[in-house]
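In the order they appear, the protein sequences are chains A and B. Start counting the first sequence at 1; every next residue gets the next number (full-length UniProt numbering). Start counting the second sequence at 1; every next residue gets the next number (full-length UniProt numbering).
Each hint should be verified, as a subset may be incorrect.
As the list claims (entries may be wrong) - Some residues of chain B that are not near chain A, with every Cβ distance over 10 Å (derived): (1) 4; (2) 43; (3) 45; (4) 53; (5) 102; (6) 354; (7) 440; (8) 452; (9) 453; (10) 460; (11) 483; (12) 484.
Stated by the list, open to error - Below, in silico cross-link-like pairs of lysine-lysine (BS3-like), each with a Cα-Cα straight-line distance of 25 Å or less: (13) B:106 with B:445; (14) B:445 with B:103; (15) A:23 with B:445; (16) B:153 with B:103; (17) A:460 with A:551; (18) B:103 with B:154; (19) A:455 with A:551; (20) A:105 with A:27; (21) A:455 with A:469; (22) A:749 with B:491; (23) B:423 with A:158; (24) B:161 with A:713.
By construction, these hints were calculated from the structure, which means they are not laboratory data. Where is the CB? At the ideal position from N, CA and C, for every residue including glycine.
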Amino acid sequence: MNSFYIILFLPFLFAIIVPFLFKYINKRIHTGWFVLFVPLTIFLYLLQYIPIVAKGDTREYILPWIPSLNINITTYIDGLGLLFGLLISGVGTLVILYSIYYLSKEREELHNFYIYLLMFMGAMLGLVFSDHILILYGFWELTSISSFLLIGYWFERKNSRYGALKSLLITVFGGLAMLAGFIMLILMAETYSIREMIANVGEITNHSLFITALVLVLLGAFTKSAQFPFSIWLPDAMEAPTPVSAYLHSATMVKAGIYLVARLTPIFAGSASWFWLVAGVGIVTLFYGSFNAIRQTDLKALLAFSTISQLGLVMSLLGIGSLAVYFGQSENGILFSAATFAAIFHLFNHSTFKGSLFMVVGIVDHETGTRDIRRLGGLMHVMPITFTIAVIGAFSMAGLPPFNGFLSKEMFFAGVNDVANAGVFGLEQFGLLFPIIAWVASVFTFVYCMILVFKTFTGKFRPEKLTRKVHEAPFGMLVSPIILGLIVVLVFFFPNVLGEYILIPALAAVLPMMQINASDFHISAWHGVNLELWMTIGVVVVGILLYKTLKGWVKLFNNYPYRLTLNHFYDQSLAGTEQFSQNVTNRYMTGSLRQYLVYIFAFFVLLLMGSFITLYGFQFDFSKFAPIELFDIAIVIGIVLAAFVVLFTSHRITAIVTLGAIGYFVSMFFVLFQAPDLGLTQFVVETVTTVLFLLCFYHLPKLKKNIGKISFKLTNLIISLAMGATVTILALAAFGHKVFEPISYFFEKSYELAGAKNIVNAILVDFRGFDTMLEISVLAIAGLGVYVLIRQGSRRREQSNETK
Amino acid sequence: MNNLLIMPVIIPLIVGMVLIIFPKNIILQRALSLFAIAASGLITLNIMNQILDDGIQTLQLGGWEAPFGISFVGDMFSVLLVLTTCIVAFCCLIYAFRSIGEKNEKLYFYPLFLFLIVGVNGSFLTGDLFNLYVFFEVFLLASYVLISLGGGKKQLRESLKYVFTNIVSSAFFLFGVAYLYSITGTLNLAHLSSRIAEAGQDGLITTVALLFLIVFSLKAGLLLFFWLPGSYSVPPTAIAAIFAALLTKVGIYAIFRMFTLIFYHEPQVTHLIIGILAAVTMILGALGAAGFMDVRKILTYNVIISVGFIVAGLVSMTEAGLMGSIYYLIHDMIIKALVFLIGGTIILLTGTSNLREISGLIRRHPALGWMFFIGALSMVGIPPLSGFLGKVFITQGTFEIGYFWLGGIGLLASLFILFSMIKLFMNAFWGETILTEEEEKGSTKGLIFPIALLLIFSLALGLGAEGIQVYVAEAAEQLLNPSLYIDAVLK
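Bound-form chain B, shown alone:
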């Protein structure tokens, strides 16, 4: 039992609830939100080291033993993601201070932001399938409101699609929970794993597994990403960045959890299907990223490519592949927030997202330009930047099991990432400078710092890979050995 596990959920939840009472006091809102995120992050860091020393940490809520109550489980994979979530949220929050606008700040932006984090962190930490559903609802509800913040016509239209798609997927989720409970009689993830291992994963269970794959693919944007490009393009920058960084990752996390812990017995069916989905996702994402001359579109389709790429590592189910996925997942959360913040800043400065109307920003904004450039290279996986290890190990993983097509598509996709990002860079930052200081629509004051902070984290992740390698290796090890998870929960 480790009570700390609930902290990354409960601190932002309580702080968020308290902040609802003081909507007008912006200073308090900012300070407490920042505090909640930072405290969650620091506690998570602490849990991480406990896991390293003592193995997977658990908490049985209300003291009801597993599988009857709700279990919270912190394995290294979850906790790494929680920590990254806190880092990204921290930076986006600082960016929001200067960019979200006073009117939104008074309209409960901060509580909603914190609730979003509650949902995300909770999804990573819970060890119970139905509780996972509830946490999904928490962050989805918060995201429904955040996405329409500002209330533009286009924004409302896209939010509607977002809400609809997610309601459909929530319904699917419930179907899945019901089917699975009917067959196995339990909802605790560890218990599910051990029961299915005991009885064998028959065709019906595999079918239900695929139902869950659909549910989480809808959330992750794996193949079923139609809602994503529109809805990630409309909200204010800080929110779009946190969406791009976190929301698809929750879906990816759930896919990993399901198919490493529970449904890992028929990889020739389930994992092959996941591989095909990943490949198609990468291809479609790459086409989307390459085809447009629009800052937002390029960036959102890049989110889709990376979803396919990360999941490709899961397909291999080898140590290299999973390690690569974990590296890339952490890297991608940070880097997507980074490029979305920069993209938003470009739009703020120029008032347009059409690349044909933007040019030569680097003269007046060299820091922004070079940070974007480094971010882009990192996405392509140029060493020693943070995307490198992920790229190498995911490719190695797919090669190890003989899925050369999958690894090959992954590498080719990174060429498209390069093309789209460099196109963005060359059009926006290179060329003749067309805007003078007075003509710019906004100011970067206070916006550079959070971006730089993210960049520092990203660089540290790449250069200091040795520092987090023990954690990543441990996480991959735990994912590959479901018994570790089961023993920790059901002991």
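In isolation and in its complexed conformation, chain A is listed as follows:
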């Protein structure tokens, strides 16, 4: 086993010892300090791959799981995987460091927290390094599960449970759709390996299932990355402890969908459906998120919507970048590759600034006891360091220099402007929508960034609205956001270091069919006065105006009826599903045996008669039938009459006796058909059962009148007649359709074979003696059952007598 697997599974392995650390050492040392070691090790270990990947090399490892089914944990390290791996372990380290100060070691159940977190980390790492598509799916679902557990970490809270269930249902729904898409991919390409799929992409693109698979896979990606309209789970996921929100619900897990889209770009990109779905959904999400973020009063909710919006931005960039595959190695191709490059760049930037912002909000929450901006304000002087980080993060998100968000935002503008001029896939008509929506969304983004910073940190400090005495956070809690803030600034000044070693290899992995020249993707803060710069200036100017007039127009949001929101739709459909399910089930599960028998008989008649008539037709061969004698007719009439008496009598005794009579009539048939021994047996059986019945009934209360008369029901009559007819018709048809000689000729030699002169006896005790033995056992069990039932009954009577 390669050392890479030890690193990959380190989170899972370490999770096993976490409960012990918590139980025995936590009183002295916060469990988080030990857990911190895991992502740090992984991060340092992964660093060694940077030079390898930067050179354009990749690494591949195989760990057999079910080799005979070709299901192995094959991993593949390329630029894209490595970028994610570094983000997961890097942000993971910072988040765990932060959580040590955020979560009290006295009050919290830290072992649960860290086990879930490690489980998530392991799953996420596995996800981004897997080449085997089913293994990728496995890790994918595991991230949903661990996210569920983390959101529900404070499981006593109703909102936590609500949010956990919502996220689980939506992401697993997407996961299942994705699995269906994956299975189609597997069938199309006849391989489990993503790289082999990419190598045989022709097989897939020309297949009739291509579009279906594409849509299904995208469902997975969109639900996971909280794209519109599946984004509704993310705001409710904010019930998780803030370190979790920073980690899963902004920096890593929600980017799994983006990862998937990037990873499968070589397979699907180049088609119009892929472009429109990815870019279109992305840009709508960008707008939807930024628009909704403004009206939030909870800081975390604001960040959640902002995350949705930013994910939409990256998604739309990936969609735009997919045009590069369409154009191929041409000027346009390189132009659109730049959009993919921007996607990767912004993805990285978002993790840094959003991570730091979540931590800032966590600090504010932790120190003041609230995240409601209506109660906050003026914290700048009390918490200067936190304020500084907030400014860095928020301004970067707003796309202002000198922060990394500015760079990628400008590249984003460039991308949408290029799309407007792409002139394919119907963009001639609709292309202009992209820059317009992008610009409007950016204005909103600017506004909520200002809200985030200025409503919280400036204005009047109102300690009377807060429950705690406010002071700056402890240093340990500030370390992680400070590091992230530093990266935000450093990347602005030295973007091309990151570009060369991390981003360009990742780009090469997303667009393997393109020749990537590093010189085409040089990031610079200043590229002269162009349209993108004007757009940014416009954003700032309009944004400031809107922010200043915020009070005037933000109320408009409140007029939007809750009934029309997606959340309302989710709640209603969940409750509706439950109600509908219950109604449907109660409707047919009436608990009435007679009803169930009607279903069964009706099904029997419909299915068998349907099949008989359509597949076989009414064919009867009566040639082998015995002639009907007068005796036969008489017996049949007797049976019918007796059966009617059973139905209509109101006396138990009469019913039983006539039932016995039917039995005797049947025995007569055996006699007529020359099977006297069977006839005798039947006589004995009928006599014994009738006597037994009579004995039992002696103890029963009188038959009630209303049971005695069966009310006439047409359906029941039809079904019972049809039932009888079906059985009879099939019997007649089967009797007349003897295809083979029966094997019974063998038993005619019973004397030679078994020394028995009586064939029936020989069959019963020798040829098929095993059946007889079991039938005797059945009788024994039945006897035992009667005894058990009677004993239970008598004991109950004793008990009830005692209680009296």
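Position chain B relative to chain A; hints supplied.
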């Protein structure tokens, strides 16, 4: 000829008969029952490896050559199911020690339990249609008594429906046997297969095949499952668990046997109908599971969903689909016993099955809660748990033959499984803890071990899939090649 084949039937039968003589000696009852199950299991393991080496094993009872006597046939599919039956029975038996109550133990619980296993194992192993009927009677009779054990009013009412439905289906079974014998003149499964292959499966034979489909659907709970939710809800936990794990599976087994070995010539009719039944079953089961806030109802409707799902793999008749079904079948037997035992334990602790009255059990019972959680995920098919391979391969099988609707419904059903099971988990285990130790109605002492044992088997099945893959692949191979079965019996 392999005499070992009869052992999984004859050992529990003899031990059960002996135990009837000593109803008061509980220690002896427990020890011998456990021994009978364990011995059957170990012998089955041995047979499994013989099959791997030498192909399908047969035994002609009484030395009468097939098709005239009764044949016992151990192909990999049957034997895998017998082994799983023994595992599940072993764990449920241990659970029963602590939970079934002394009064039931003295009222022949153990012999009846063993007879049930006799019937189930025999149904898997027999190669004769009428003998299959007899084995059905054996386990049905035992189940009639077991289901009413304890004798509550509601229990008796539901048992009555159970008994009635099964008597009806037994009558159908006899019709089917008679029709089929009239047409083909034989009852030996292998012989039936070869004769029908020779003469062709005409419309009448297909109609009879559908009659058998109805018979076994009634047993399996495929569409005709009306009797199931009530009757699986009433018996004591250990019995409900064994019912949920095994009884529907016998019906499923029989459907597989019939439609892979004998009636496989007209798949565009029979298998399409099976597919439709499977789809409707999954939908109705999913609705039932999602609609209620009741531990028992959620669990029983989940049994129904899985029936539809397993049968969907048969519809494909591809290697992937059948392999998926076999994986899922084994997985489902173990996991259903597991969740039923946990569900029963929840009811034991709280005295109610209404989820609205249960909350926060995880504080005092973390092991129970997490085992349930893992079980639930396994049912949904989250890798690397045991339901995963089954889910993937069944879906792949249905996709391969172009039945996307069927695979799609299967995947959607697993979303409903997830919803219902997580609902159960969140309501029962999460939330405020409302019961203190004194307020709990029962104790989990001695109940956790058998549950954990089942969980270990389930985990091993998932993680160690490579270990059983050879057996499953062999089983699928044999199901797809009826000639292997025929040659083994009629050679």
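These are the hints, each one checked on the structure:
With a closest Cβ-Cβ approach of about 16 Å to chain A, residue 4 of chain B is found to remain outside the 10 Å limit, as its non-interface label requires. Against the 10 Å criterion, residue 43 of chain B stays outside the reach of chain A, whose nearest CB is about 18 Å from its own CB. Every CB of chain A is more than 10 Å from the CB of residue 45 of chain B (nearest about 20 Å), matching its label as outside the interface. No Cβ of chain A approaches the Cβ of residue 53 of chain B within 10 Å, the least distance being about 17 Å, so the stated non-interface status holds.
For residue 102 of chain B, the condition that its CB be more than 10 Å from all CB atoms of chain A holds, with the nearest at approximately 13 Å. No beta-carbon of chain A is positioned within 10 Å of the beta-carbon of residue 354 of chain B; the least distance is around 14 Å. Remark: the non-interface label on residue 440 of chain B is consistent with the geometry, its nearest Cβ contact in chain A lying 19 Å away (cut-off 10 Å). With a least beta-carbon separation of about 16 Å from chain A, residue 452 of chain B lies farther than 10 Å from that chain, consistent with its non-interface assignment.
Every C-beta of chain A lies more than 10 Å from that of residue 453 of chain B, the closest at about 20 Å, which supports listing it as non-interface. With a minimum CB-CB distance of about 13 Å to chain A, residue 460 of chain B clears the 10 Å threshold, and the non-interface call stands. Chain A leaves residue 483 of chain B outside its interface by the beta-carbon criterion, the shortest separation being 19 Å against a cut-off of 10 Å. With 10 Å as the threshold on Cβ separation, the claim that residue 484 of chain B sits away from chain A holds: the shortest Cβ distance comes to roughly 20 Å.
A threshold of 25 Å between alpha carbons decides the hint, and for residue 106 of chain B with residue 445 of chain B the separation of about 21 Å falls inside it, so the pair holds. Restraint check: the Cα-Cα separation between residue 445 of chain B and residue 103 of chain B comes to about 19 Å, which is no more than 25 Å; the hinted pair holds. As the CA atoms of residue 23 of chain A and residue 445 of chain B are separated by approximately 23 Å, the hinted pair is consistent with the 25 Å bound. Of the pairs offered as hints, the one joining residue 153 of chain B and residue 103 of chain B holds, with about 18 Å between alpha carbons and a cut-off of 25 Å not exceeded.
Between the alpha carbons of residue 460 of chain A and residue 551 of chain A the distance comes to roughly 16 Å, so the proposed pair stays at or under 25 Å and holds. Simply put, residue 103 of chain B and residue 154 of chain B have alpha-carbon atoms about 19 Å apart, close enough for the 25 Å limit, and the pair holds. Note on residue 455 of chain A and residue 551 of chain A: the hinted pairing holds, with a Cα-Cα distance of about 12 Å set against a maximum of 25 Å. Straight-line distance between C-alpha atoms of residue 105 of chain A and residue 27 of chain A comes to about 7 Å, which keeps the hinted pair within the 25 Å bound.
A hinted pair counts as satisfied when its Cα atoms are at most 25 Å apart, and residue 455 of chain A with residue 469 of chain A qualifies at roughly 19 Å. The suggested pairing of residue 749 of chain A with residue 491 of chain B holds, with an alpha-carbon distance near 22 Å, which does not exceed 25 Å. Between the alpha carbons of residue 423 of chain B and residue 158 of chain A the distance comes to roughly 13 Å, so the proposed pair stays at or under 25 Å and holds. Simply put, residue 161 of chain B and residue 713 of chain A have alpha-carbon atoms about 21 Å apart, close enough for the 25 Å limit, and the pair holds.
In terms of the numbered hints stated before, the structure departs from none.
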